[in-house]
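**Q** Listed below, chain by chain, are the residues.
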Amino acid sequence: MKVSVNWLREYMPIALPANELAEKISRTAVEVEGQYRPQGNMKNVVIAKVLSVVPHPDSDHLVITQLDAGEDEPIQVVTGAPNVAEGQTVILAKHGSVIGDGQKIRRGKLRGEKSNGMLSALQELGMDNSVAPKDFEEGIWVFNDTDAADLKPGADALEVLGFGDDILELGITPNRADMLSMNGTAYEVAAILNERPELPAFELNESSEATADLIQAEAPADLAPKYGVRVVKDVHVQDSPLWLQRRLWNMGIRPISNVVDVTNLMLLTYGQPLHAFDLDRLPAPKLQVRTAKAGEVIKTLDGVERKAAEGDIVIDSDGQALMFAGVMGGESTEVTADTQNVVLEAAIFEPKAIRHAARDQNLHSESSQRFERGVDVEATFKALDHAAAMIAELGGGTVTNGRVIAQDFDYEAPTVDITTEKINDVLGTDITTAEIAAIFERLCFTQMEQDGRFSVTIPSHRWDISIPADLIEEVARLYGYDNLPATLPTGETTPGKLTEKQRLIRDSRHSLEGLGLNQAISYVLTTPEKATQFAMDPEATPVEVDYPMSQDRRVTRGSLLTSLLDDIAYNVARKQEDVSLYEQGRVFASNGMSTMPDEIEHLAGVVTGDVRERDWDQAAQPADFFYLKGVVEQLLADYGFVDNVRFVANTDRPEMHPGQTADIYVGDQFVGFIGQVHPRVAKFYKVGQVFGFELNLTDILRMPRVKSKYEPISKFPSIKRDLAILVDRDIQSADLVDTIKQHGGTDLHDVTVFDVYTGDNVAADKKSVAYSLTFVNREHTLQDDAINAAIERMTKALQDQFAAEIR
Amino acid sequence: MSLKEDLTQLREQALVRIDSATSLKELNEARVKELGKKGALTEVLRGMKDLPADERPEIGALANDVRNELTDEINKRQTELENAVMDAQLQAETLDVTLPGQPAIQGQPHVLQQIIESLEDQFIGMGYQIIEGPEVEQDKYNFEMMNLPKDHPARDMQDTFYISPELLMRTQTSPVQARTLEQHDFSKGPLKMISPGRVYRRDTDDATHSHQFHQVEGLVVDKHITMGDLKGTLLAVAHQLFGEDHDIRLRPSYFPFTEPSVEVDVSWNAVTPDTKPEDIEWIEVLGAGMVHPNVLEMAGVDSSVYGGFAFGLGPDRFAMLKYGVEDIRNFYLNDVRFLKQFDQKG
Chain L
1 MKVSVNWLRE
11 YMPIALPANE
21 LAEKISRTAV
31 EVEGQYRPQG
41 NMKNVVIAKV
51 LSVVPHPDSD
61 HLVITQLDAG
71 EDEPIQVVTG
81 APNVAEGQTV
91 ILAKHGSVIG
101 DGQKIRRGKL
111 RGEKSNGMLS
121 ALQELGMDNS
131 VAPKDFEEGI
141 WVFNDTDAAD
151 LKPGADALEV
161 LGFGDDILEL
171 GITPNRADML
181 SMNGTAYEVA
191 AILNERPELP
201 AFELNESSEA
211 TADLIQAEAP
221 ADLAPKYGVR
231 VVKDVHVQDS
241 PLWLQRRLWN
251 MGIRPISNVV
261 DVTNLMLLTY
271 GQPLHAFDLD
281 RLPAPKLQVR
291 TAKAGEVIKT
301 LDGVERKAAE
311 GDIVIDSDGQ
321 ALMFAGVMGG
331 ESTEVTADTQ
341 NVVLEAAIFE
351 PKAIRHAARD
361 QNLHSESSQR
371 FERGVDVEAT
381 FKALDHAAAM
391 IAELGGGTVT
401 NGRVIAQDFD
411 YEAPTVDITT
421 EKINDVLGTD
431 ITTAEIAAIF
441 ERLCFTQMEQ
451 DGRFSVTIPS
461 HRWDISIPAD
471 LIEEVARLYG
481 YDNLPATLPT
491 GETTPGKLTE
501 KQRLIRDSRH
511 SLEGLGLNQA
521 ISYVLTTPEK
531 ATQFAMDPEA
541 TPVEVDYPMS
551 QDRRVTRGSL
561 LTSLLDDIAY
571 NVARKQEDVS
581 LYEQGRVFAS
591 NGMSTMPDEI
601 EHLAGVVTGD
611 VRERDWDQAA
621 QPADFFYLKG
631 VVEQLLADYG
641 FVDNVRFVAN
651 TDRPEMHPGQ
661 TADIYVGDQF
671 VGFIGQVHPR
681 VAKFYKVGQV
691 FGFELNLTDI
701 LRMPRVKSKY
711 EPISKFPSIK
721 RDLAILVDRD
731 IQSADLVDTI
741 KQHGGTDLHD
751 VTVFDVYTGD
761 NVAADKKSVA
771 YSLTFVNREH
781 TLQDDAINAA
791 IERMTKALQD
801 QFAAEIR
Chain Z
808 MSLKEDLTQL
818 REQALVRIDS
828 ATSLKELNEA
838 RVKELGKKGA
848 LTEVLRGMKD
858 LPADERPEIG
868 ALANDVRNEL
878 TDEINKRQTE
888 LENAVMDAQL
898 QAETLDVTLP
908 GQPAIQGQPH
918 VLQQIIESLE
928 DQFIGMGYQI
938 IEGPEVEQDK
948 YNFEMMNLPK
958 DHPARDMQDT
968 FYISPELLMR
978 TQTSPVQART
988 LEQHDFSKGP
998 LKMISPGRVY
1008 RRDTDDATHS
1018 HQFHQVEGLV
1028 VDKHITMGDL
1038 KGTLLAVAHQ
1048 LFGEDHDIRL
1058 RPSYFPFTEP
1068 SVEVDVSWNA
1078 VTPDTKPEDI
1088 EWIEVLGAGM
1098 VHPNVLEMAG
1108 VDSSVYGGFA
1118 FGLGPDRFAM
1128 LKYGVEDIRN
1138 FYLNDVRFLK
1148 QFDQKG
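Line by line, the protein sequences give chains L and Z.
Counting from 1, one number per residue, gives the positions in the first sequence under our numbering.
Counting from 808, one number per residue, gives the positions in the second sequence under our numbering.
It is worth saying that the hints were derived from the structure and are not from the lab.
All values derive from a computational prediction rather than experimental measurement.
Check before you lean on any hint, since a few could be wrong.
Taking lysine-lysine pairs in the DSS-like style, the calculated list, with each CA pair at most 27 Å apart, reads [unchecked claim]:
| hint | chain 1 | residue 1 | chain 2 | residue 2 |
| --- | --- | --- | --- | --- |
| 1 | Z | K1083 | L | K24 |
| 2 | L | K422 | Z | K1030 |
| 3 | L | K501 | Z | K995 |
| 4 | L | K720 | L | K766 |
| 5 | Z | K957 | Z | K947 |
Stretch-level coverage of chain Z by chain L, calculated; a stretch enters the list once three of its residues show a Cβ under 8 Å from a Cβ in chain L [stated by the list, open to error]:
| hint | stretch |
| --- | --- |
| 6 | 840-849 |
| 7 | 1026-1039 |
| 8 | 1049-1058 |
| 9 | 1064-1072 |
| 10 | 1134-1143 |
For glycine and all other residues, C-beta sits at the position ideal for the given N, C-alpha and C.
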């Protein structure tokens, strides 16, 4: 909300410069998000009277004007303004002036005729077209005759237009809707400055004609707990006087006509939205608040035909929905230049009903915003009376006798109890009872106090206050947050530590970083197509958001690999071909629309391109299956599972290379998979060869683990033997190792593959595999006989089971 | 020629030979030739048996002297030659030590993770637990129990990804407050927790808005927690994240789940006792307040006995401020050139 400091000064004396006032408001009430003077850097812009207008000899759209700008000689200006005429009072940007966009005006010649300045529109002085009373196309700004009578040629036009005012832009938080009015803001500023605000006063004269004879009104209390109307007859609808227009445009509201402007002025003054109908355009002399039937059509003031939704709150006359109550008026009963008799409506509409209609119609107006957040219930009819009086004054009409009240209630001021002790207990301060009393006094709260026990009566303009905590906040902010001490909680100490799960997740991340992968954090929301890729549970379905912002972010992911492939694609598109990433996060599996989904902790990694760049010392190391498998083996070894980790070939993962993919088991528990991403899927993501793994951390963290164990080192030397065998190509090493271990006897300590060979000297369907066997015995030196016997057993078994040929 | 002369001549010849040996091999040959079993000295000494008995001691002593001297000379020469060989080898092995080492393959934690972990460690040190909550949350916890009933105007402050009327992508980490308060047994001591995690808003992504970002929620509830405690705790956080010489200030604000509510600014520049107030540049970093009694009551905590403070801060915003990251999307697009920059530990 914009606040004019000049207007605030009508409530109380303000000596502070605007920036200091803004700082105080920010530190005590609400954030001042901006502060400016409409005049900016403009200068030398003056009031001028048009003495004569003659056609330009060389142009059919330019004219030559002579202007009285308060100087000895008239000033000649050539202008293309379509609306300039003799006798007008206008705005002249003189030679040497600076106008709205920083443009400097210089004398010059236009098609051979001297021009010593520029006649200007308000838009050229920096006013937004949505706020300026006239469209820019209509031409220069012309003061109306009444205002012009008070203006002296040569006077500072910026001052006349109110551009010397300081405007503060307040960021009103939802709880401080009381500050969506000048009265409310004045109460607050007065409390800050320790002043008393003087609220606006008015005098209402009524004719003898009874309003009730002209209009009737009906409003159910559940829709409009307060509803009243007045009538002003025989009004001349015309432009508002300059002071009112000035006030509105400085507050960011476009002046329209005296009747509409007065309702807007009251909205700004009291925070009470009002509406004006043309009495003679009502279908019947009766207004009724009701909810809309589905499909009713209302053409609103913005010229849009809108279909009401069932339950939208509307104003009806004779069965016809005229407007969305409290949201926006309707065109059919709008006040126009021809209007003579005006019905003014002041009401309090049920906030939920307004919110409903405003959201349905996507119409968030100055009115709906205030009704949603609440208004001062004591101000409603005051604003109505004030508006009627001012319209009569500005439009020469008469206010008829009495309000027609369809619904009303009395304000019952709540009292809230609080003690000095409680306030200090919550704030950690030593504020005295007298200081607290002074703060309530500044806020214009009525209070009773005895021995530090306060009973505070809340005025109607502070409807946000209802519980003791609210009063504590009032004291805290006016006492000043800077004056609070900075302490740490005392009392019983609590041990702080990571849970085992948190520690293991953290260790997993650190392991992978040590193993060369960079942590990625990617978007959780993705497309339905990607969401089911790489799923470990093929039955899982993603969670879908109701109104996505974009097609790319519609559902929750079902794997981290999809995210990481997106990340690689982003890098590859930017010529970053070597990428090693991991991500730790959750995947989601829906349990239906109203039950919370499963959120499963996963850990995944990808490598593409080179894992090590070429340098002077060694060749580049391209990512491959076994590089990434080494990473995963080390990661899994770090957990120290009781059970063995196994890699089992899986040819059936749809997104993975059928010949380069293994499922990973800990004991019999499936925990994830590793392999090359299927080239078809890689192409879909527009990436090259990618190797990836994904693990279900939730399952992994459940697997039993052992602590590191110590075994004394054998005093007797170990013996190494090599075993090279020839087997069919499709026989898997893990099976061979199993057999070797089964038959190796108790002294076989370790089996390591040190060579795998296919090619020359080996039949096409065969491969040669060589193992290094380590034998150790803790009790005695190993004898060749025993080792030879063990190798004999192994080779026999290998021959029997795999038709292996010993080389 | 007498034996004595033979010995003297042998000595002189041998010394010349030893001295002129230019390799260990030559030296070894000299050793064999002069001192070996079939060497010159042995040959000379063989004549000892023909000497008169009274001359033998003298010649024997002389022969010993010669043997010792030659042995010493050979050893000395050997050391010299070995040193020369070593020097030559070292010379040959000289490297250009300015060439780079083999790069160790080392990954980096994400910058947001670094900030979260640093906060976690700090709060663990202050006796807090870390509690995580679901990212797909119930309206009840995300809003209603945080004192935001349906149709509350403050719901407009947050654009929400709803899944159904009951379920949504959580818009804040605050629901973890409600969940934890509901569970906590206050007879076992105060509740002190932080809750880091991802949150979601129905926003269009641009340089300063992201539909996904992070929050770290903090909550302390006990019998005598003051707003001064909140201020002191947040000051400690600011010191941790920005440095010991940074100050904070509180400004009034509004959150439905706290009363009073404040925004917290941290000084961008260092503040000393001599710094003038107008020279401090304040930046808004987090929201906080005293837990609203409704939030306590809805979670079944007696607000007349217990009270506390809560705060919520954004690691994304911290990282943007601290490192001058200009576009929040950088955090989620994972350009490796971005990720690898935040490699300073501690």
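**Q** Against each hint, give a clear statement of whether it holds in the structure.
**A** Do the hints match the structure? See the list:
1. Pair hint Z:K1083 plus L:K24 holds up; C-alpha atoms about 17 Å apart against a cutoff of 27 Å.
2. A threshold of 27 Å between alpha carbons decides the hint, and for L:K422 with Z:K1030 the separation of about 12 Å falls inside it, so the pair holds.
3. Distance restraint check for L:K501 and Z:K995: the Cα-Cα separation of roughly 22 Å lies within the 27 Å cut-off, and the hinted pair is therefore satisfied.
4. For the suggested pair L:K720 and L:K766, the alpha carbons sit about 26 Å apart, so the restraint of at most 27 Å is met.
5. Only pairs whose Cα atoms come within 27 Å are accepted, and Z:K957 paired with Z:K947 is accepted, the gap being roughly 10 Å.
6. Only residues whose C-beta sits within less than 8 Å of a C-beta in chain L count toward coverage, and the stretch 840-849 of chain Z has 0 of them, not enough to reach three; the restraint is violated.
7. Check result for the stretch 1026-1039 of chain Z against chain L: holds, 11 residues qualifying (beta carbon to beta carbon below 8 Å, three or more required).
8. Residue count for the stretch 1049-1058 of chain Z with a Cβ under 8 Å from a Cβ of chain L: 3. That meets the three needed, and the coverage hint holds.
9. Coverage of the stretch 1064-1072 of chain Z by chain L holds in this model, with 5 residues showing a Cβ closer than 8 Å to a Cβ of that chain against a need of three.
10. Closer than 8 Å: that is the beta-carbon criterion, and the stretch 1134-1143 of chain Z has 6 residues meeting it against chain L, so the requirement of 3 holds.
Hint compliance for this structure: hint 6 is the single one not met.
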